[in-house]
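Student: The residues making up each chain are set out below.
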Amino acid sequence: MSSDFEKRLERAREASARLKEAIGEVIVGQGDVVEQTLWGLVAGGHVLLEGAPGLGKTLLVRTIAGCLDLRFSRIQFTPDLMPSDVTGTNILVTAESGARHFALHKGPIFGQVVLADEINRATPKTQSSLLEAMQEHACTIAGTRHAMEEPFFVLATENPIEMEGTYPLPEAQLDRFLLKVMVPSPTEDEMTEILARTTGGAKPPPPRVLGRDEVLELRAACRDVAIAEPVMRYASRLVRASDPGTQGAPDIVKRAIRYGAGVRGAQSLVLAAKAVSLLEGRAHVSFGDVQKVAKPVLRHRLIRSFEGEADGITTDQVVAALIEAVPSRPENVEQAIRR
Amino acid sequence: MVKKIAPPEDRRFRDTFTRWAGRVRRRLALERVLTGAAVGLAVGAAASAAAWQTRHGALRPWMAAGGALGAVVGAGVARRRRWKDGEVALYLDGRLAAEETISTAIELGGRDDKDDPARAVVITRAVDVLEKASPKDARPSFLRPWHAAIPVAAAAIGYLSWIPLPPAPVTQGKPPGADTVQIADLKGLEKIIELEGATARDPEQKKRLEKLAADAKKLRDKLKQGAEKREVQADIAKLKDAITAERLSLGDGEQRQGLESALGKLAENPDMKDAAKALGDRDLVQFDEEMEKLANKLEKADRERAKKTLEEAAEAAKKQNAPDVAKALEEQKKRLEEQAKKSEKLRELAKAIGEGLSEDAKEALKDLEGGGAGGEEQQKLAEKLEEALGKLTPEERKKLAENMKKQASQAEGEAMGEGPGKQQMKELAEQLDTPEGQKRLEEELRKMAEEPPAGSEEGELQKRLEDAQRGAGEAEGGLGGAPMPMPMAGQGSGGKPGNGSKPGGGKDGKGGKDGSDPFAGHSEGGGPGDHKGQTGVVDGDGVKSRADARVNKGKPMPGIVMGRTAGRAGDTANIQGTGALGQAAAGELGAIERSDVPEEYREQVGRYFQPK
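If you read the protein sequences in the order shown, they are chains A and B.
Heads up: the first sequence begins at 1 in the working numbering, then just goes up one per residue.
Heads up: the second sequence begins at 1 in the working numbering, then just goes up one per residue.
Some hints here could point you the wrong way.
[What the hints assert, rightly or not] Facing chain A, from chain B, some residues (calculated, C-beta under 8 Å): (1) Asp85; (2) Gly86; (3) Arg95; (4) Leu96; (5) Asp116; (6) Pro117; (7) Ser134; (8) Asp137; (9) Ser141; (10) Leu479; (11) Gly480.
[Stated by the list, open to error] Now the in silico label distances, taken between C-beta atoms and shown as ranges: (12) A/Ala325 / B/Ser134: 29 to 37 Å; (13) A/Arg264 / B/Arg11: 34 to 42 Å; (14) B/Ala155 / A/Ile337: 46 to 54 Å; (15) A/Ala172 / B/Arg111: 42 to 50 Å; (16) A/Glu35 / B/Arg111: 30 to 38 Å; (17) A/Glu171 / B/Thr18: 34 to 42 Å; (18) B/Gly110 / A/Asn90: 50 to 58 Å; (19) A/Gly54 / B/Gly110: 48 to 56 Å; (20) B/Pro164 / A/Ala325: 32 to 40 Å; (21) A/Asp311 / B/Ala155: 56 to 64 Å; (22) B/Arg11 / A/Ala220: 50 to 58 Å; (23) A/Thr314 / B/Arg11: 44 to 52 Å; (24) B/Gly110 / A/Ile337: 17 to 25 Å.
Derived from the structure by calculation, the hints contain no laboratory data.
Note that the structure is predicted; figures quoted are calculated from it, not measured.
All residues carry an ideal CB built from backbone N, CA and C; glycine is no exception.
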């Protein structure tokens, strides 16, 4: 048994390394973005990438999809996109025999790696067409429920909502994303490297390094990662402290947050932390893992108050304050360690 | 939790962890024990300092036991707050940077689910972590900054036990008499208040007596409300001073010269030396008694001479502008006449009865003729005669009346003063002649026996002042302090302590002879009455003095030296003072105001030294 899980951990480490290497052949820099996207893939959650246009979000997603031997589909969200454009619809077809019947024309949601590009450019109605698929890995069309083929992994990109022509994602929609990954601007060196790679001759597509079974295996291993009760309790305390109504919540939460993260947030925190442990080759979760994933997991789940928005307090600042304020260990143990 | 771990790797982990946990727990317990000892010793040092301060020397070293007690308490606390496996595991994870491997292993080891895929991996890694770690890396420090109190407090206790105790603090209580007294009705004050109704010599004295009574009433009211003891004591002392001054007011001040002239005249008559002494002492009750004694004397010539002396003394006092003294002497002369009449009547009656008298009556007659103690002998004889008359049969009474008529007729033509007065004899004979007359006579005798002869006005006033003085003493005693002994004429016959207002009789050879000695002393209310309270007239030529001092010839020293009013400022043994202190010692003027005498006593001290 011991050797089995050890092997699985080893395989996970190797798969992670292979995937990172393959992505690295196309994507310059963005190590954290790639890392966090892999957490989502391994944990079985969906990832929302936010960044200004032209930072390589779509390319990153396409590259990841290309590295995985999975069916890829892309939805370009536009203001006039209809829900049926996402989910698909029944259309009338004529058989060779001349008989006519309705046949399901599956939409792009039925891919295994779905790129929802510029998701906040569509109306909330169209955005919400993703809800069922993302949460339940199934889609109901004309009264018929259609299961998604596993692994099902949605990678959405969005532009900052301050930009013209965007619709903020509803809270329910945001909550379905395991992680929200911020895509930063490349550094000077990275930019130079990007220029070198993209302005020359066409490059071959990245190799497919992970097949469907391997992804499913990674996801299963992620669920098997152990987590001690104090670590789970820490995750709970962090999430509870994000609620301004909770006694002992930090001042910044009381001032800047209207709604904190909920149970789904705490689940996501633990799952993401397990993914981190797995990809680092550990069979258990540490406090550090929870702290590491806290920002991408919680940043889109905290709804700022008017005061918080007016003061320009970001949710990342609030999460940082939470990590600072909520002790991971009991106080007596913490004091003994510090001595 | 650890018990459920199955062998073999689980047991290895359990053993390793138990070893580590023991180390951690021991050191944590040690820290608590030391903390307890530090607190105990610190408290012990404080208690030791308190024991030193309060001079409980024997307790000081025992305070070190506080350290042991604190250590025991610390051990108890350590036991109660002993870390659980989970806490130890978290501590070890933190110190060994094990990323919660040990905590997870502890938890997985305690679970029943032995098929947990991660279990073996986590436990194996936890064992690796623990086995590779050095005990130094995870040793909790048991020394805390406050543990420095242990040697410091122990040293302090040692030092405090070694050094000598501080000197006993000087207790500074309330100044004496500063406590408040509240008495509804202080006994004794009523006697001073009664002075209101006393007969005064003149309107000024009346006013003074009324003021005394009013002051006493005011003091009584003040006491009802409650006042400082010393304030009340000062008020009573003022009252006493005023009463004393009043007692000695006859012939005082401007009338002093007149009094002394009168005294000189009285002293010329040997029979009146005692009376002169009593007047000199301003003891007018005694003066009354001396006059009564003279009135009882057998010889009419003596009485006549005494009357003459009183006349001359009164005249001398008048000349020296001492009308009060003169008035008192004239009143004494009248009293002498009246008393003499009464005595004569009693004597004649007694002689007429003759053998019909009882032995007691004969003794009383003898005492009366000898001068006796004054009114008492007269009362006694009157009582005995009344008894004797009551026993007479009508025949005996008739016979007695006839005898007396005969004696009265025989007495005709005899010179006055040699035998019984004719008029007295006649009156008695007429009274005895009828049963009604006899009854009237008996009534008269009973009255004489029951009521002592009335004193002079001054004597009566003096009695009331003495009562008031005693009342002031009682009031002083009622405040809780011993009353100041007041100089009063006392009685000290036969060497026994005097007890009142009677003069020392000087019997048993200790004083004068049967009271006739002019130097017989008087008691100050507590001592024998036979000391020589007053010097006699000193013949300057017979006194030898090394200092060759000139003696103030012919002037007696004051009989009562109260230190307040008897003498005048400047009086010495051989110099008569002028009473003018300001002239005698001008530099001393305002000395009391400049002195450190407390404000509340200044007035009293001032009055004490006030020149008359």
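Student: Kindly indicate which numbered hints from before are broken by the structure, ordering the numbers from low to high.
Tutor: Of the numbered hints given earlier, those the structure breaks are 1, 4, 7, 8, 10, 11, 14, 15, 17, 20, 22, listed in rising order.
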